Amino acid sequence: MRHSQGRITGELLTDLGKPLNNSDQAKKEQLLKILSEFGVPKNALSQIKNAKRLDELFASIINFPRFLAKKILPKQKPQLKNKHSTSLQEEQNIYKFRNFLTACRREMYTTFSKKSTNPEVIKIESILKEKYGVQNASLGDDLGLAQRLLQAVKLAKSKGIKIPNEFIVTPFTLGAGECMRLSKNGEEISTVLLPPTSIRQRTVQIIDNIFNTMPPNIKQSYEKWQKFCGFKTYSSTNSPMHMEIHEMMHQTHPLLKAFAIKKIPNKFMPTARKLSQYSAINEKNNWEIYTELATKKVLEGLEPNEAELFKFLGGDI
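Reading the sequence shown from the start, the letters are residues 1 to 317 in the numbering used here.
Any given hint might turn out to be false.
Calculated cross-link-like contacts (lysine-lysine; reagent style DSS-like; alpha-carbon spacing at most 27 Å) [stated by the list, open to error]:
| hint | residue 1 | residue 2 |
| --- | --- | --- |
| 1 | K33 | K114 |
| 2 | K114 | K184 |
| 3 | K52 | K33 |
| 4 | K162 | K257 |
| 5 | K96 | K262 |
| 6 | K52 | K70 |
| 7 | K262 | K311 |
| 8 | K157 | K311 |
| 9 | K184 | K115 |
| 10 | K159 | K129 |
| 11 | K267 | K284 |
| 12 | K224 | K257 |
| 13 | K71 | K115 |
| 14 | K114 | K49 |
| 15 | K227 | K263 |
| 16 | K96 | K18 |
| 17 | K49 | K70 |
| 18 | K154 | K129 |
| 19 | K267 | K184 |
| 20 | K227 | K257 |
| 21 | K257 | K219 |
| 22 | K129 | K157 |
| 23 | K52 | K115 |
Because the hints were derived from the structure by calculation, they are not lab data.
From a predicted model like this one, the values you see are computed outputs, not experimental measurements.
Sequences and hints are given; from them, build the entire structure.
If you want it as structure tokens, here you go:
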């Protein structure tokens, strides 16, 4: 997965290898002004400020979360690493940083989102706002994604699932989806980020190519791991709406690190690994295991052992 993300980053930035035009420069200056007003330290903005080309600017935006963390997030004490609990102080530090980072990223992705001009996409954006209460739908003229998202929102609404406040189509997630949760004035704002269809398809192609060209010894190790885990597919369902529902279901679990790293009893581990390749990769991340289960529950229904694990993680059976 890390290798494929690196490949996607390289291809994306190669496509953008050109000097900033006046519009891009204006957006860059606008973004720097907003982030400075938020209180982002100058040394955390240096990469964005120094970008002279579009690929450099996009690279600085992709790297911003990691760069900001190095500048302002307190370092974790070595003795606390790899434990299944956290301190109140650590949770407070993470909460404060995550909230700050999310506010910054919302501005980044909104500033560089592509305004829709396709009448059919604009109509779907209007339906999401007027019928389903979405405050911001920025779907980047991606008709296929817009149609799929509308179906996912209809399904979520019919099952009583909270509809996110925002949907933003952005290339900066590198082929993956993401759900950001921001606490503001005592309320939570949830923003679902989705990759454009073109980058989503490119991601699948790159991953397939990696598997098809991996050395025999690596492929053998992967096949042993797959057999040990027992998963059949990358995601817990084959639904075309899986990513959209998955990101919406991230709203329903606690955002505490303590929940993410809580040790799952050994009796549940075969279930977690068999659920999907994604849950097997994230077998120590309860946020993702929970959400893969929650997504399957919505789209297909859970098997008894999966329902038992979901209940252990606090899921509503």
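Take the C-alpha atoms of K224 and K257, compute the straight-line distance between them, and say whether it is at most 27 Å. Violated. K224 to K257 sits at ~31 Å, over the 27 Å cutoff.
Quick one, are K162 and K257 close enough, alpha carbons at most 27 Å? 22 Å, holds
Hey, K184 versus K115, does the alpha-carbon distance stay inside 27 Å? 26 Å, holds
Is it true that the CA of K114 sits at most 27 Å from the CA of K49? 22 Å, holds
Is K114 close enough to K184, meaning Cα to Cα at most 27 Å? Given pair K114, K184 holds - Cα atoms ~25 Å apart, limit 27 Å.
Decide if the proposed pair is consistent with the structure: K129 and K157, CA atoms, cutoff 27 Å inclusive. 13 Å, holds
For the pair we were handed, K227 and K257, check the Cα-Cα distance against 27 Å. With Cα atoms ~30 Å apart, K227 and K257 exceed 27 Å; violated.
Proposed proximity, K115 with K71 (alpha carbon, max 27 Å): 33 Å, violated
Does K262 pair with K311 here, judged by a C-alpha cut-off of 27 Å? Holds. K262 to K311 sits at ~14 Å (cutoff 27 Å).
Sort out whether K184 lies within 27 Å of K267, counting only the CA atoms. 39 Å, violated
Are K154 and K129 close enough, with their CA atoms no more than 27 Å apart? 13 Å, holds
Going straight from one Cα to the other, do K227 and K263 come out at no more than 27 Å? Given that 27 Å is the threshold and the Cα spacing comes to 23 Å, the pair holds.
In summary, the numbered hints that this structure violates are 12, 13, 16, 19, 20 and 21.
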